[in-house]
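Novice: Read off the chains here:
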Amino acid sequence: MMAYSQLLVTVLIIAIIYSLLAIGMNMHWGDTGLLNFAHAGFFAVGAYTSTVLTTPAATGLLGDRIVGLELPIVIGLVAATIVAALFGILIALPSLRLEGDYLAMVTLSAAEMIRLIITNEAWLTAGTQGIKDIPRPLAGAFPLSLGGFQMGYNLFYLGLTIAILIASYALFKRLSESPFGRVLHAIREDEDVPRALGKRTPVFKLKSFGLGAGIAGLAGALWAHFFFAINPTMFLPSLTFSVWAAVIIGGAGSYVGAIVGTSFIVGIRQLTRFLPNDIPLGSELPFLRLILIGAALIVVLYYRPQGLLGDKERIQAGQAMEGE
Amino acid sequence: MPRGMDSEGQKRIGRRTYLKGAGLAALAGLAGCSGGGDGGSGDGSSSDGSSGDGSSDGGSDGSSDGESSSDGGSAGESGDSGPIPVGNLSPFSGGLGWIGPNSRRGVQTALEAEGGVNATGVLGTTVEISEQDSETKPQPAISGFNTLDSEGVMTMVGPSSSVTPSLIEPARSAKLSFVSPMTGTIQLDNVGGKYIWRTVPSDGIGARAQAQYAYNELGAESMALAYKNDRGSQSFSAASGDYFSTLGGSVKEEVPLDPAASDYRSEVQALQDADVDVVSMTAATEVSGLFIQNYVEAGADEDFELLLGNDVLTPDFIEEMGADVMEGMVGQAPAPGPANDVFVERHQAQHDKEPGAFAAAAYDAMNLIGLAFVKEGEANRQAVPKHLSELGNPPGKKVSTFAQGKKALENGEEINYHGAANPQNFNDKGDPLGPFSALQAQDGEWVEVKTYSAQDLATE
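From first to last, the protein sequence lines stand for chains A and B. For the first sequence, the numbering used here assigns the number 19 to the initial residue and increments by one for each residue that follows. For the second sequence, the numbering used here assigns the number -5 to the initial residue and increments by one for each residue that follows.
Bound conformation, chain B alone:
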């Protein structure tokens, strides 16, 4: 026994010493890397770009801005050699795993279809997509982000609301932008711009359309909020209630819907008891389906009207629930962008299926990224931060494909990209503003009953 103990003791010291040694070695090695990193950004034009734009917005970036990372454009090779690396950091698995493939098809359509980025050619080469799975969770998203950073991508499409808040600081400190086609959360309303962009409108904007419809069209004075208990649905719901109050109505009750529940009878009862005119019910299809079943079953349609969220405004949903059940229900969705028809057609041709949710926004994101490279005249990390806003906003020639935009830019014209998801007119926080429609289920179809322009929905 004592002998065994001894050798165990010796081993312990050995392991500990080894561990310390390994730690120190790792530190030293990394330090060496950091030391060498400075010389890497000898690319004249890219460092020029970052100093021009980099300081203008610096205040909000905080202290970590100057992290020892390399200057924007230096990673990877820029210029005409080799394809331009661009990332797609999307949820391909996890809670929002169904969105990733939609986004992938949208991006592919923007690249390969007629007039697309790779079909036309950008800076004499093509864009190569590197996909990373965010797994709908913050830590894998950060690992994915860092992986893309190390692969030298110039910018990326993605990610989703569930992980975006964790990527704000990393994006700023790595000076690596992202353009999200699927982040609606109002948590991003005041932090975007420069490195953080999205091509879908904030939930706050759609929610204003819903609140206006309830207050002005339905004449409702009181509202209750029911929402699937996740970040996105709650965010939309809160924004709707808030704007409804601003208009003069009152929000009387809030009922979270547990996505794992087997029925929502007690929630429907609570809403009936609240004695309100309308209920804003925001949830994805499964929860909405079950809720509506319980709503009809309880005869609650006598008590209040139901306003639905974006996710259920599909023909499939009406078919699944039954046209008579859905008759008269109202939801709202971004009015399709000016180039939507063209996009749908190309998507159909390429993938032999209708575009899924957020595909159009991913298409717009990729087109805008391609145009930003053309405008910059070089593929680097400053292209998106510097140019996205001017490419999307007036004044300029209206274009709706990459090929049109490239031609106009090469002729020295300004352009105003008109997208498939919406017009992609960005505010100074990197959020697009655009019109929303209220849609009503009539005879088994969603029919537009009212359209709110971007001005109607602007904050001030």
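Bound-form chain A, shown alone:
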């Protein structure tokens, strides 16, 4: 029983951190219509920024990392958000004139560049060895005895991430419904329209990119501080594609959908872990799991092409366009 609740807490934390990524992606794609394939890069920037700021420089045989500041974790989290947002703007600056597929290509290669830089610049990031012993916030205070029951660390971290998720959800939802959000939606449907109304659309697109990247960076930092160790192979493009899948399943344009879609994917990945080994083809189980996940995605998209909670406005707008 105990162990199951521990597992549930861990899975929820994973789902919540991925949800933050999906929220950022939804701002890019769902709201603004930008094809961003650099999300794993922003996630990595966040994770590494916070890690480098909060751990000591490494010494010893493989410890050629000379930067390490041992600052409080709060600073790491804030800096991760800001640095990732800046990276987002930096990538967007030269590439925002591109549209659709071209933007996708540029962002995908930008994410790979970030990952390769992390892999090779060992003085800053410890390279392929990765960084371990990443501190957890307030780790010393747990387990807490609260009256009758023990509050473990994971439960605390779950509370923390839930709070951050709720705050981020509220913020992005509000942004999406504000005049700012309406301009983003207009850009998504037809960029000429807001431009004709005197809006400087590149600035809006930059802001959208920066905000989405920033929250991805925050997610990266939360990830690093929970999982103790990071290395560059955690930030392969497949991560970006998972987030895309979550946004599409949940329904582009819906922030609740982003969270639901993420929970769906994380949930199905975890549930398939309980498949017993002794089923037929049991030795191919790892691959069967991945096939099952893919099949589930196809089923959802077949029956609900707009996603589970697809945004009404977005669908209607799309239909209007087609009707013309």
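These are computed hints drawn from the structure, not numbers from a lab. Careful, some of the hints might be misleading.
Chain A regions said to be covered by chain B (calculated; three or more residues, Cβ under 8 Å) [unchecked claim]:
1) 147 to 158
2) 242 to 252
Which residues of chain B face chain A? A partial, calculated answer using Cβ under 7 Å [unchecked claim]:
3) S87
4) N140
5) D143
6) N184
7) E313
Label pairs and their computed distance ranges (CB to CB) [to be verified]:
8) T308/B - A314/A: 34 to 44 Å
9) L156/A - N184/B: 39 to 49 Å
10) A314/A - G406/B: 30 to 40 Å
11) W141/A - W92/B: 26 to 36 Å
12) D82/A - Q263/B: 19 to 29 Å
None of the values given here were measured: they were computed from a predicted structure. Think of the CB as a built atom: it goes at the ideal place given N, C-alpha and C, for glycine as much as any other residue.
Assemble chain B onto chain A, guided by the hints.
Specialist: The following block gives chain B in isolation, referenced to the frame of chain A:
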């Protein structure tokens, strides 16, 4: 329009409230679970065990040791009822996906073959393996670890270097041990013991064999390092260079090899320019193959000798590259353990194929786990932390199968398990020490040219 906006607004509040509510409900539910958890460990003997051994090493475990998780042995049923759950957390997909099946076959051989754990019976029952795929990535590995934890496994075989650093804290806080047959990284050199064990020697030890061979046998004074740019290869390479410097040589150049590159001509050129006596080149087979092609093509064999890593020391590799190309090249591998022949034979009989890389170490891991349960007299999570070291190390009767070990233990004797991968004599950090051989390619075969004993390779 305004009407639409209104309903949208209402929905927003509704969703947010719902979300908060759901979050709070989840928290409350979990809190309830945690509260109830304490009563679960009423199993007298297991809580006894954990307090005896649990405090002896507590200092290094840090603050998270006392996490509200249950006491070691309480999860799952212990004793004679039902099979004993043991995990196998290995890379079955992802970058090291080829290792998982090798490890699985090694474990199966330890369980099912003659004299094996299940063939002989352990504590009146058998061991049941639950496999989890680490996908060679830290987060799936942690999910897999937690899944095994919740299934109530007593210990587990695995995982690999790429994910081990992320599992150190979870293992300590869940008081759930693992025995890795495939983690060579020197990052684990100073953190093992108690919950963290491995049955393959640290890269640091093999690297010392390589450095000694270069310095003493080849008389090299300068070395350059070339390595596939991943954690394992870099770790081996760095250890070799470091020990070479300690012996009195100098390391002049380091060249990482990008596994995605289409050729290594510029890297070979850089190594030629470095003007060194030997190059330690550590990489898996594909990278090594391409590198050696470019090395021969550039005529670099005139400039420096090449020392190879563990992964390429297979007959297949010589065949693939050509015996004349490989002639004279030297690599090093752990000298096969005393029980290797028996293992190979049983593996062949059971799976109709030669054991793959790390299979022997997985076999040893499973045998040792089975013996730990026998020694403890009960299947619980303290069995491995408490007994693995004494089972592997002298003094004691030398045994090389589970059946022999079980018999000796039941007669009240001490045992010294002699494994298939190596003798499995553990140091206090849970690392096995054992002999290494330097092997040279001669006429299309790997021939042992020099063997270094465990003493030769010990740190001090």
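Novice: Assuming the hint says 30 to 40 Å, is it satisfied by the Cβ distance from A314/A to G406/B or not?
Specialist: 55 Å, violated
Novice: Taking a Cβ-to-Cβ distance below 8 Å as contact, does the stretch 242 to 252 of chain A have at least three residues touching chain B?
Specialist: holds (count 7)
Novice: Let me know if the C-beta of N184/B comes in closer than 7 Å to any C-beta of chain A, holds or violated.
Specialist: 9 Å, violated
Novice: Can the suggested window of 34 to 44 Å be confirmed for the beta-carbon pair T308/B and A314/A?
Specialist: 40 Å, holds
Novice: Check the following: the C-beta atoms of D82/A and Q263/B are separated by a distance inside 19 to 29 Å.
Specialist: 24 Å, holds
Novice: Hint validation: D143/B versus chain A, beta carbon distance must be below 7 Å. Holds or violated?
Specialist: 5 Å, holds
Novice: Kindly confirm whether 39 to 49 Å is satisfied by the beta carbon distance between L156/A and N184/B.
Specialist: 26 Å, violated
Novice: Hint check: is the beta carbon of N140/B less than 7 Å from a beta carbon of chain A?
Specialist: 4 Å, holds
Novice: For the hint on E313/B, does the least C-beta distance to chain A fall short of 7 Å?
Specialist: 28 Å, violated
Novice: Go through the hint on S87/B and say holds or violated, using the shortest Cβ distance to chain A against 7 Å.
Specialist: 4 Å, holds
Novice: How does the stretch 147 to 158 of chain A fare against chain B when you require at least three residues with a CB closer than 8 Å, holds or violated?
Specialist: Contact hint for the stretch 147 to 158 of chain A vs chain B: holds, 6 residues under 8 Å.
Novice: Given a hint of 26 to 36 Å, does the C-beta separation of W141/A and W92/B actually sit inside it?
Specialist: The hint (26 to 36 Å, Cβ to Cβ) holds, given that W141/A and W92/B are roughly 32 Å apart.
The structure fails to meet hints 6, 7, 9 and 10 from the earlier list, while all remaining hints are met.
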